[in-house]
Amino acid sequence: MHVFSRILIRSYSFPVSENFHLLILFTPYFLCIFVYLQNDCIIYLHCHLLKSTYFLI
662 MHVFSRILIR SYSFPVSENF HLLILFTPYF LCIFVYLQND CIIYLHCHLL KSTYFLI
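Just remember that our numbering sits 661 ahead of the position in the sequence shown, which is counted from 1.
Keep in mind the hints are simulated off the structure, nothing from the lab.
Each hint should be verified, as a subset may be incorrect.
Distance windows between CB atoms, simulated [what the hints assert, rightly or not]:
| id | residue 1 | residue 2 | range |
| --- | --- | --- | --- |
| 1 | L706 | S678 | 12 to 22 angstroms |
| 2 | L711 | E679 | 31 to 41 angstroms |
| 3 | L710 | E679 | 31 to 41 angstroms |
| 4 | Y673 | I704 | 11 to 21 angstroms |
| 5 | S672 | C702 | 25 to 35 angstroms |
| 6 | S674 | H709 | 17 to 27 angstroms |
| 7 | C708 | F681 | 11 to 21 angstroms |
| 8 | H707 | P676 | 15 to 25 angstroms |
| 9 | V696 | I670 | 14 to 24 angstroms |
| 10 | S672 | I704 | 15 to 25 angstroms |
Glycine included, each C-beta is placed from N, C-alpha and C at the ideal position.
Start from the sequences and build out the full structure, keeping to the hints where you can.
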(Lines of atoms letter the chains of each structure in order from A and count residues from 1; the text may use other names and numbers.)
(Lines give C-alpha, C1' and ligand atoms only; values in the text may rest on other atoms or scores of the structure.)
Protein backbone atom coordinates (compact mmCIF):
# COMPACT_ATOMS: atom_id res chain seq x y z
CA MET A 1 0.00 0.00 0.00
CA HIS A 2 1.36 3.37 -1.02
CA VAL A 3 0.57 6.63 0.69
CA PHE A 4 1.03 9.75 -1.38
CA SER A 5 0.26 13.33 -0.52
CA ARG A 6 0.02 16.23 -2.90
CA ILE A 7 2.76 18.79 -2.59
CA LEU A 8 1.83 22.33 -3.45
CA ILE A 9 4.59 23.92 -5.49
CA ARG A 10 4.69 27.63 -6.13
CA SER A 11 7.21 29.35 -8.33
CA TYR A 12 8.03 32.99 -8.72
CA SER A 13 10.31 34.45 -11.35
CA PHE A 14 11.81 37.91 -11.10
CA PRO A 15 13.95 39.60 -13.72
CA VAL A 16 16.72 41.17 -11.68
CA SER A 17 18.39 42.76 -14.68
CA GLU A 18 18.43 42.26 -18.41
CA ASN A 19 20.62 39.16 -18.16
CA PHE A 20 19.92 37.82 -14.68
CA HIS A 21 16.75 36.20 -13.41
CA LEU A 22 15.77 34.99 -9.98
CA LEU A 23 13.54 31.95 -9.62
CA ILE A 24 12.05 30.89 -6.29
CA LEU A 25 10.44 27.49 -5.83
CA PHE A 26 8.45 27.05 -2.67
CA THR A 27 6.76 23.96 -1.28
CA PRO A 28 5.66 23.17 2.27
CA TYR A 29 8.87 21.16 2.67
CA PHE A 30 11.65 23.12 1.05
CA LEU A 31 12.57 26.45 -0.48
CA CYS A 32 14.87 26.66 -3.50
CA ILE A 33 16.38 29.80 -4.95
CA PHE A 34 17.91 29.79 -8.42
CA VAL A 35 19.81 32.63 -10.03
CA TYR A 36 20.25 32.07 -13.72
CA LEU A 37 21.34 33.88 -16.83
CA GLN A 38 19.12 34.62 -19.76
CA ASN A 39 20.47 31.56 -21.60
CA ASP A 40 19.20 29.29 -18.76
CA CYS A 41 22.60 28.72 -17.22
CA ILE A 42 22.20 28.38 -13.44
CA ILE A 43 24.93 30.26 -11.62
CA TYR A 44 23.63 29.95 -8.07
CA LEU A 45 21.40 27.46 -6.31
CA HIS A 46 20.30 27.37 -2.70
CA CYS A 47 17.83 24.94 -1.13
CA HIS A 48 16.58 25.13 2.41
CA LEU A 49 14.64 22.37 4.14
CA LEU A 50 11.64 23.78 5.96
CA LYS A 51 10.32 20.60 7.58
CA SER A 52 11.52 17.10 8.18
CA THR A 53 9.86 14.81 5.68
CA TYR A 54 9.18 11.12 5.91
CA PHE A 55 8.06 9.05 2.95
CA LEU A 56 6.40 5.73 3.64
CA ILE A 57 6.43 3.25 0.77
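Hint check results:
1. L706 - S678: 12 to 22 angstroms: Since the Cβ atoms of L706 and S678 sit about 19 angstroms apart, the hinted range of 12 to 22 angstroms holds.
2. L711 - E679: 31 to 41 angstroms: With a Cβ separation near 32 angstroms, L711 and E679 satisfy 31 to 41 angstroms, so the hint holds.
3. L710 - E679: 31 to 41 angstroms: 33 angstroms, holds
4. Y673 - I704: 11 to 21 angstroms: Given range 11 to 21 angstroms: holds, Cβ gap about 18 angstroms.
5. S672 - C702: 25 to 35 angstroms: 18 angstroms, violated
6. S674 - H709: 17 to 27 angstroms: 18 angstroms, holds
7. C708 - F681: 11 to 21 angstroms: 19 angstroms, holds
8. H707 - P676: 15 to 25 angstroms: For H707 and P676 the Cβ distance comes to about 19 angstroms; the hint holds.
9. V696 - I670: 14 to 24 angstroms: Check passed, 19 angstroms falls within 14 to 24 angstroms.
10. S672 - I704: 15 to 25 angstroms: Holds, since S672 and I704 (Cβ atoms, about 18 angstroms apart) stay within the stated range.
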